[in-house]
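> Residue numbers (my numbering), protein chains in the order written: chain G, 439 to 763; chain S, 439 to 763; chain H, -13 to 239; chain L, -13 to 239.
Please keep in mind that the hints were generated in silico from the structure rather than gathered at the bench.
Nothing here was measured: the structure is a model prediction, and the numbers come from that model.
Be careful, since some hints might not be right.
To be verified - Result set (DSS-like, lysine-lysine): computed pairs, CA atoms no more than 30 Å apart in a straight line: (1) LYS752(S) x LYS752(G); (2) LYS574(G) x LYS609(S); (3) LYS223(L) x LYS574(S); (4) LYS752(G) x LYS231(H); (5) LYS142(L) x LYS609(S).
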Amino acid sequence: MSDPDKCMTMAEAVGRFIKPGCHLSIGGFTLNRNPMAAVYEIIRQRIDNLHLYAHSNGQGVDELIGAGCVRAIEIAYGGTGRFAPTCIRFRRAVESGQIHFEDYSNYHMTLRFMAGAMGVPFLPTVSGLGTDIIRKWGFSPEFREAESRLPREKLLVIDNPFRRQDDDPPKVVLLPAINPDVTILHVQKASHRGTVRISGLTFADVEQARAARHLIVSCEELVEEDDLRREPDGNQLPFFQVDAVVLQPYGAYPTACYGCYDYDPEYLNRYRQLAGDDDTFQDYLDEYVYGVENHEQLCRLVGPDRLRQIKAVKPQGYAAGLDRR
Amino acid sequence: MSDPDKCMTMAEAVGRFIKPGCHLSIGGFTLNRNPMAAVYEIIRQRIDNLHLYAHSNGQGVDELIGAGCVRAIEIAYGGTGRFAPTCIRFRRAVESGQIHFEDYSNYHMTLRFMAGAMGVPFLPTVSGLGTDIIRKWGFSPEFREAESRLPREKLLVIDNPFRRQDDDPPKVVLLPAINPDVTILHVQKASHRGTVRISGLTFADVEQARAARHLIVSCEELVEEDDLRREPDGNQLPFFQVDAVVLQPYGAYPTACYGCYDYDPEYLNRYRQLAGDDDTFQDYLDEYVYGVENHEQLCRLVGPDRLRQIKAVKPQGYAAGLDRR
Amino acid sequence: MDYTLREMMAVVAAREIRDGEIVFCGTGISMLAAMAAKHISAPRSVIFFETGAIDSRLEEIPLAVADSRVMYHTALNGGLADAFATMQNRFTGSRVVGILGAAQIDPYGNLNSTVIGDYDRPQRRFSGSGGACDVASFVGRTIIFMRQVKGRFVEKLDYLTSPGYLDGRDGRRRAGLRPGGPELVVTDKAVFRFDEKTKRMYLAGYYPGIAMDEILETVDFDLDYNQAVPIPAPTGKELLILREKCDPQGLIR
Amino acid sequence: MDYTLREMMAVVAAREIRDGEIVFCGTGISMLAAMAAKHISAPRSVIFFETGAIDSRLEEIPLAVADSRVMYHTALNGGLADAFATMQNRFTGSRVVGILGAAQIDPYGNLNSTVIGDYDRPQRRFSGSGGACDVASFVGRTIIFMRQVKGRFVEKLDYLTSPGYLDGRDGRRRAGLRPGGPELVVTDKAVFRFDEKTKRMYLAGYYPGIAMDEILETVDFDLDYNQAVPIPAPTGKELLILREKCDPQGLIR
């Protein structure tokens, strides 16, 4: 239990591990458990040229793209549920040719993280045969050649070498592994040492975490290692996989954190409006991101009333009856 | 919640799903959570010619082999910890040529179950390159040809098609999927519908369960579906993957069931002695397996004192201070 | 007309879900349909999200498949890897009905949810596959929601995101995909099915008050409409289920 | 001599474990060594079992890696898939030291735990690989326990279960394996290491009271013994740790 304390502030964690050009993945899914405090800190520190690996990490990805931090993205889904069926800054960046992008399916991306986590060069699936996800590659050969960390092939289709029965798949798609420099998660509980407990759906967080060279975990609550070990079956990541632990209440805000708080419909609706135009989006960043020093200040800016409205109730784990129009 | 009740006796479950020649895998690991009530029932029903898929499912596998139920086995480890560093009837069956067998590593077998669970024909690893596990195949070409459900190749080594960097693996081993006809697990809790909660290590149980066409689950405790849903994060298998639920207290005995009872050193030591000789092993079967009608009777035969000695204490989950010599 | 077209769509799809099926849902109307089915025709159907939630107790309608509302009182809270494996799995996958939506559909039920225009520099970018390509590749059958407007029913997709019957007939088999494919397309005006042999789309039904021309003028390919029959409007009971049990806040309606 | 040879072996191995390392253990003496290391040289080392238990609080010595005793007060109770992935993982795997045992070892540290004699119809069958082949393939370095008796140190294995340096030098690389391989062989009489270049085993040390011949007569291959030094006996403190903290019931001793 004498491991070094891995606790630090978000500014320190981002400053220490996330460098311009770095290959990054963030946890969460669309409007839940995005590590937003980290996302906003990356934007504030104006870290750019990021290479992002995303499945459906909606809000966080969209804000990183909008703020100009992202050079290239490999992605399955750029959307934030009903608040933005297509993520707005993502859409604009693609349509205006501002970023390199390449499309996969959610399972493709999950398998790619899993492969990285497992330490194998690829994993197989039968998803996507016959589609343009397989035929059309987003990155140019020149881009791939220059980025020596990318595989030369987006993916490969091979004959199933074990085929014996008629109903055995004749072909499989091989998806290359991803090993990000850094993965950032936001979770409900972690210890000083870094043992992690996620409540509710884990999405692809565990795979993303294990695939990465470095892992930053922000948490709603910092708990004693012993507390987590009383029910170890509920823990997802052992301390030795974690590099930095950041105590960050409301660290997923304005996305939800199951059991703690809901997404903020007001924030997300306002974001949609402001993100629709380059000028108003700049206003948004100036006020909500650059205009505050840290996530605590953002929370103060939106105010305690709003945070109270989205507070999760038991046993549901979300803000029952919240006005979500 | 109106699903048909899947509860039945072990005799019914085994009778209904396990047929001679069937491809079977059992859960647990060496001396923990082996579905022993099911194993003994299979022996009593004299179901033979089984094709077993095992990683390190010690005691259960050894008794099935000893009782003559097994025609062929694919296995990573035939041992039961300190009680039998090499499983005794397994060893004898191999040395005397009584069964077909083929060796893998534990990860190989885990990946094979995972592949079956994921619905892909194979999964890759870098384990085993340069070893006899890869070079020497246990099943003869004739055996493989006759068993149309086996892959034609034990495994395959291919060049890594994504290799770009020097430290990328040059080759990978592809392990073919396993899809048993039936998997049998013993767990701590299940509902009438079949939702499953395992406490402690899950071994490869979840993968084995999902790979199988049919799943029999025996449990220490039958609980309300609602109870399990109050903390769904702790559940491992949804009801729709389960075909039969058997309430079977001490269903893993004489192996352990974390949180409920320990392994029984006296039984396992006695087993080791009796299993060492064909005649005394027959005596063992006659007394402990054929000599009882069901698992409840076996538990009565060993007696309440013994069961009391191995009762697990909290918070440890095993019988602290148990004499294990 | 005392119901919205979105309500009509949800009811039409809900009626198609069979009891005991595992229903893969996305956001929005597909979730409404799956919720309604449990009250209409398929009480033992299981709602299933790609995020890993199984058989959620949906007391409020989720606004995304990652909404915390899908995590409550489930049989299991897993992750993406589990969810997609359940669909790719040869035993469970065939029991899944997937409900999908898209920006474009072609005569063989292939879907585009990625781009309009050139892939590299599109006129209009959409969200991309998400789990749609996976679901369409894996599961026993799919139901597809579309808006019945010009430019959506096209001869050739700008991007084939999710496989239907590919180029028809045994196209799935030839590509290496499993059986499966779309069974039904539900729009705000009509219902389409696929010919058993050719796997080409035909008009199977139209909603009360919809003229045939309103449908045909939005479809850019040759369409057989001789088998089309009128589709009954939602019953009072069905509407009550939608409005009171599924979406009392009217978030989807 | 106030200690058993098994105690000596456990102490010798424990001394080699570095602080902060993740220690993969099997049953028996390897577990004793890993437990002792936490009290001797490596308080922050992490005991790790292939069954998926991480950093167990071992109040009693487990008799198998699946013993419920490994599941208590862990950082995590996973499964086999997690455990092996942690070792195969390029970032965590290199931080793992594996402790293995075997029935036979060859000059390049390759191990046999499968059969003596012909594979198909062996004279003597052992347990087989278990996780040993995986660990030997994946991790940064291994420590191997052997009994120093005739027939165990052989020129050629009857079956190569777990890779050491294969045929020596860059044999691992040529086979497609990662760097790694055995660093130390610990027996009940001596300690062996591997030449940096040739990767061939040499005698590195011998225990108090052991004559060189006792060692050499059990080794069936040419062995360099010129670098051998005496190995200090377990200290009183080390023995106390073994007997009082690790295995008070004497189950392994």
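> Does the structure break any of the earlier hints, and which numbers would those be?
3
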